[in-house]
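Model the full assembly from the supplied sequences, consistent with the hints where possible.
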Amino acid sequence: MGRLRPLPPILPLIVYHSEAEWRIPLDFAASYGLADETLRPYLLDFPYSLVDLGRIDDGRLSREEVLRIGLLILKHGSRDGDPREILLKLGRIAAGLGFGDLVAMVRYIMVEGDETDVAMVRDMLREVTPNQETKVMGAALDAYKAEWKAEGIEIGVTKGQAKGKADILTRQLRRRFGSIPESASRKVVTASDDQLNTWAENILDAATLEDVFAEPRTN
Numbered sequence: 001m002g003r004l005r006p007l008p009p010i011l012p013l014i015v016y017h018s019e020a021e022w023r024i025p026l027d028f029a030a031s032y033g034l035a036d037e038t039l040r041p042y043l044l045d046f047p048y049s050l051v052d053l054g055r056i057d058d059g060r061l062s063r064e065e066v067l068r069i070g071l072l073i074l075k076h077g078s079r080d081g082d083p084r085e086i087l088l089k090l091g092r093i094a095a096g097l098g099f100g101d102l103v104a105m106v107r108y109i110m111v112e113g114d115e116t117d118v119a120m121v122r123d124m125l126r127e128v129t130p131n132q133e134t135k136v137m138g139a140a141l142d143a144y145k146a147e148w149k150a151e152g153i154e155i156g157v158t159k160g161q162a163k164g165k166a167d168i169l170t171r172q173l174r175r176r177f178g179s180i181p182e183s184a185s186r187k188v189v190t191a192s193d194d195q196l197n198t199w200a201e202n203i204l205d206a207a208t209l210e211d212v213f214a215e216p217r218t219n
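Quick note: the sequence shown, position 192, residue 192 per the UniProt record's numbering, numbers continuous.
One or more hints might be untrue.
Unchecked claim - Restraint ranges, calculated between C-beta atoms of paired labels, are given here:
1. Pro6 to Tyr48: 18 to 24 angstroms
2. Arg92 to Ala20: 20 to 26 angstroms
3. Ala20 to Tyr42: 30 to 36 angstroms
4. Arg63 to Ser18: 21 to 27 angstroms
5. Gly138 to Gly54: 31 to 37 angstroms
6. Arg63 to Tyr16: 16 to 22 angstroms
7. Glu127 to Ala30: 43 to 49 angstroms
8. Ser49 to Glu210: 41 to 47 angstroms
9. Met120 to Arg23: 33 to 39 angstroms
These aren't lab readings, by the way, just hints derived from the structure by calculation. The beta-carbon is built from N, C-alpha and C at its ideal position, and this holds for glycine as well.
This is the structure:
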């Protein structure tokens with residue numbers, strides 16, 4: 001005889017980020033197009049929670065700095081328009097929230113973004129925080145290094161330090177540039193610890209995958 005196994009709870013949540021207001025009822029059954037109402041008692045129905053970012057003030061999107069910036073980018077950065085103008089708008093909003101928010105935004109965009117290069121970010125910072133772009137970029141790099149080190153230690157405990165760092169770098173490369181060739185994967189797997197650290201830092205400034213692995217220039 002089979003035994004009932006408890007299922008994990010599922011909490012339905014929609015995070016909505018369009019400019020238009022959400023006007024759909026907050027229950028699943030409202031989505032059915034029923035020709036025969038006698039079927040309704042047998043159909044799946046449940047309420048769901050809605051987070052409509054367009055109706056929430058930017059500074060109140062979250063108490064957590066990194067999550068607040070992620071939601072801010074989702075709210076303003078995913079809409080159609082000139083990428084440079086959108087980036088400038090995001091920079092002004094983040095700077096208005098605080099230095100830490102601006103740093104978090106720069107770190108997030110440089111690592112996660114796929115259409116934004118270093119020159120665009122620096123241009124934005126020159127306009128939003130004149131003469132402070134180097135300070136902000138440096139703080140973003142420091143935050144990324146700390147995150148890289150902490151995650152590397154955590155994964156390295158179970159996989160070995162070098163293997164853990166290689167796994168993280170591969171994941172970061174895919175997040176930044178999409179799919180990567182097998183040759184790049186082999187290069188990461190066989191790299192030394194110093195090489196992995198250097199390439200991890202290069203991600204923030206690299207416009208292409210090749211830039212990550214480029215040899216440092218000598219004067």
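Subject >> Hint check against the structure, violated hint numbers in rising order >> reply: none
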